[in-house]
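Participant: With chain A's structure known, arrange chain B on it following the hints.
2 protein chains.
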Amino acid sequence: MEKEIRFPEIRPLNIDRYARIISTGVGLPKAVVTNQDIIDEFKLLATDRAVQYSLGIKERRWSDFDEKVEDLMMAAVEQCLETANIDIEKVDRVIFTKLFGDYQVPATSIGLLRKFKAKKGIPAFDICSACSGFMHAMDLAIRYVATGDDYVLILGGSVIAKCVRLWKSPDPKTVFLFGDAIAAMLIGYSETKSFLASYLLTNHSLYDNAKVNFGTEFLRSGMEDLNPSIFYMRIADGNIVFNSSAKYAKVIAEKLLRETGLTMEDIDFFVTSDQSEKIWEAQLKELNIPKEKSQSLFHKYGNTVSAMSPINLHDLIVSGRLKRGNLVMMQAHGAGASSGGMIFRY
Amino acid sequence: MEKEIRFPEIRPLNIDRYARIISTGVGLPKAVVTNQDIIDEFKLLATDRAVQYSLGIKERRWSDFDEKVEDLMMAAVEQCLETANIDIEKVDRVIFTKLFGDYQVPATSIGLLRKFKAKKGIPAFDICSACSGFMHAMDLAIRYVATGDDYVLILGGSVIAKCVRLWKSPDPKTVFLFGDAIAAMLIGYSETKSFLASYLLTNHSLYDNAKVNFGTEFLRSGMEDLNPSIFYMRIADGNIVFNSSAKYAKVIAEKLLRETGLTMEDIDFFVTSDQSEKIWEAQLKELNIPKEKSQSLFHKYGNTVSAMSPINLHDLIVSGRLKRGNLVMMQAHGAGASSGGMIFRY
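Chains as they are written, first to last, in numbering that gives the first Met the number 0: chain A, 0 to 345; chain B, 0 to 345.
Mixed in with the good hints there might be a few duds.
No copy labels: a pair is met if it fits in one copy or bridges any two.
[What the hints assert, rightly or not] Below, a list of computed lysine to any residue pairs in the SDA-like style, where the Cα atoms sit at most 25 Å apart:
#1 192 <-> 16
#2 172 <-> 8
#3 67 <-> 227
#4 119 <-> 4
#5 254 <-> 16
#6 254 <-> 13
#7 254 <-> 149
#8 277 <-> 83
#9 167 <-> 221
#10 192 <-> 14
#11 116 <-> 246
#12 192 <-> 149
No wet-lab data here; the hints were simulated from the structure.
So here's chain A without its partners, still in its complex pose:
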């Protein structure tokens, strides 16, 4: 399935107006859903023990039908702005990298501004880039600050539980995988350089490996009704997700280290997308990084799509492990079609 793709050369950031991460936040649905809850709800032939053993997941958060995407965004942003002690009116731009929004149109980032009762008409839009979306959003934010913005608010994450719940016979291989969460990050002007390198890549030969079918392509003449499964993320081959994550982790690390002149030993923390505990471990092994320099929250939150990396970063920050001045390599990988990473001094 996978063909040889030549990965682009890394390009230096032509930036002399610097940005830094000011603060982070996370918004989570109220309901903690255990493996047993899912087994019971969908009457599956599985045991909590087997699921934990094979996937490494214990629980995840799932939205109820009365929870909106903008509610989770609001919680994440309130935490983020409170930590920064910055009012929403100071923000120059809002970018939300979504799996689904509350609606397709308008952008859910505008729904967030309404919920905030923002008085200023802040420019805002949504991105669709699945798991790698937060790396695109961070890359965008530092370029906006470089070219004039003072504060850029970025959000990412997934709300998929309502879709799973509507789908009467969900795929038993993936129904345990996904969780709902939104991560927020405020990136703002900095007098000193913090972001040292950024790198993104795609591999179109893996375009078919993970799909959310909603779109115009599956529409067929004569269709009467749509099955709710069009909202669901279907993964064709889990091994490709595993192998490509490890492979790209290495490609991206090499590009970032060469660009910055650093070695892996200089990096204090490796923050990445943990689509499963095994995928996280495979990335560490590929890069020869000890577990103490990274972490996975997959057991607790599952695959939260573009929120995986920033939730891990947020947790390292609030737990006090990651300190200002530490060097971070942050990466995010999807099911093979898009990946990215950055090195920054927190």
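Facilitator: Here is chain B on its own, set in the frame of chain A:
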């Protein structure tokens, strides 16, 4: 419905690595659909003459079920790259501002790269920002070039006809409005300054005025099937679209002119979104711009969402009316929630 929003101050572009528009292209479905075709297909009580009189539209292009979004993107990009005499492998980034993609995941911009059989893993993602999306994409492209990219390929537009065709009883007020089209633009490094100012705004108090319901918010417990109408753009109040377009056209023009020190008389062409012929005329009237300095292709293509402005620009270029060195004010407006504009020397 509309509340007072304080529009943000325009911020100077902190850019010393310049960009310019290198080339443009347009991809259109094969089928030209007349008003009479729609009247016949949906058995509507209307006449071609009445539709032409009230809306100013004669025909539009509608995709067939076997046409993909990536097919239209491909046609637009081939034209764009051929004009520029640039190979796809030279492109540093692809951004598609969509209404719908072929799928929700992966990004349809990656599907385009597969169709091109691109050998390089070019970073690519999709944006959701409805009608104002192309202004965001252009704004993004010049910031990418400012911070290191050489060539950024942006695309925008709408493919909605399949959705309309599935929906047995489409809204008779809006079924004539929308057309399918994809516009492409190659923005690249320039030794001289071309983009003089850029301005974007949102108004969250108009969040509910136009909706594409696909998203998690309309999902309800116990739902069995989804109606294809979730794909359709519903407009709550057409007067708001009309009034906000004229109002924002003025706000944006004033900000852009103040920032550049230019007057409206200095502008050679005003290129804008023409959601109807009347909306186009209202913008010109508000800005006191003679019709010779602008144009509307609404009669021919209808509302193509984020493709409206770039298709008008493309047509001015290929018809030879717009010449290198001309000053252009380009704007794009949606149904009120998001708008933007730029001044550039073509």
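Participant: Please go over all the hints and tell whether each is borne out by the structure.
Facilitator: Hints, one by one, checked against the model:
When the C-alpha separation of residue 192 and residue 16 is checked against a cutoff of 25 Å, the pair qualifies both within a copy, at 8 Å, and between copies, at 19 Å. Taking CA atoms no more than 25 Å apart as the test, residue 172 paired with residue 8 passes in neither setting, with 37 Å inside one copy and 51 Å between copies. For a Cα distance limit of 25 Å, the shortest separation of residue 67 from residue 227 qualifies both inside one copy, at 18 Å, and across copies, at 22 Å. Proximity of residue 119 and residue 4 under a CA criterion of 25 Å is satisfied inter-copy only: 6 Å between copies versus 44 Å inside one chain copy.
In this assembly of identical chains, residue 254 and residue 16 lie within 25 Å of each other by CA distance both inside one copy and across copies; the values are 23 Å within and 24 Å between. Taking the closest pair of Cα atoms, residue 254 and residue 13 come within 25 Å of each other only inside a single copy of the chain (16 Å); across copies the shortest separation is 28 Å, beyond that limit. Proximity of residue 254 and residue 149 under a CA criterion of 25 Å is satisfied inter-copy only: 19 Å between copies versus 28 Å inside one chain copy. In this homomeric assembly, residue 277 and residue 83 never come within 25 Å of each other (Cα to Cα): the closest approach is 35 Å inside a single copy and 46 Å across copies.
In the homo-oligomer, the alpha carbons of residue 167 and residue 221 lie at most 25 Å apart both inside one protomer (23 Å) and across protomers (10 Å), since each shortest distance falls under that limit. In this homomeric assembly, residue 192 and residue 14 come within 25 Å of each other (Cα to Cα) both inside a single copy, at 9 Å, and across copies, at 18 Å. In this assembly of identical chains, residue 116 and residue 246 lie within 25 Å of each other by CA distance solely across copies; the values are 21 Å between and 44 Å within a copy. In the homo-oligomer, the alpha carbons of residue 192 and residue 149 lie at most 25 Å apart both inside one protomer (15 Å) and across protomers (23 Å), since each shortest distance falls under that limit.
Violated hints, in rising order: 2 and 8; the structure is consistent with all others.
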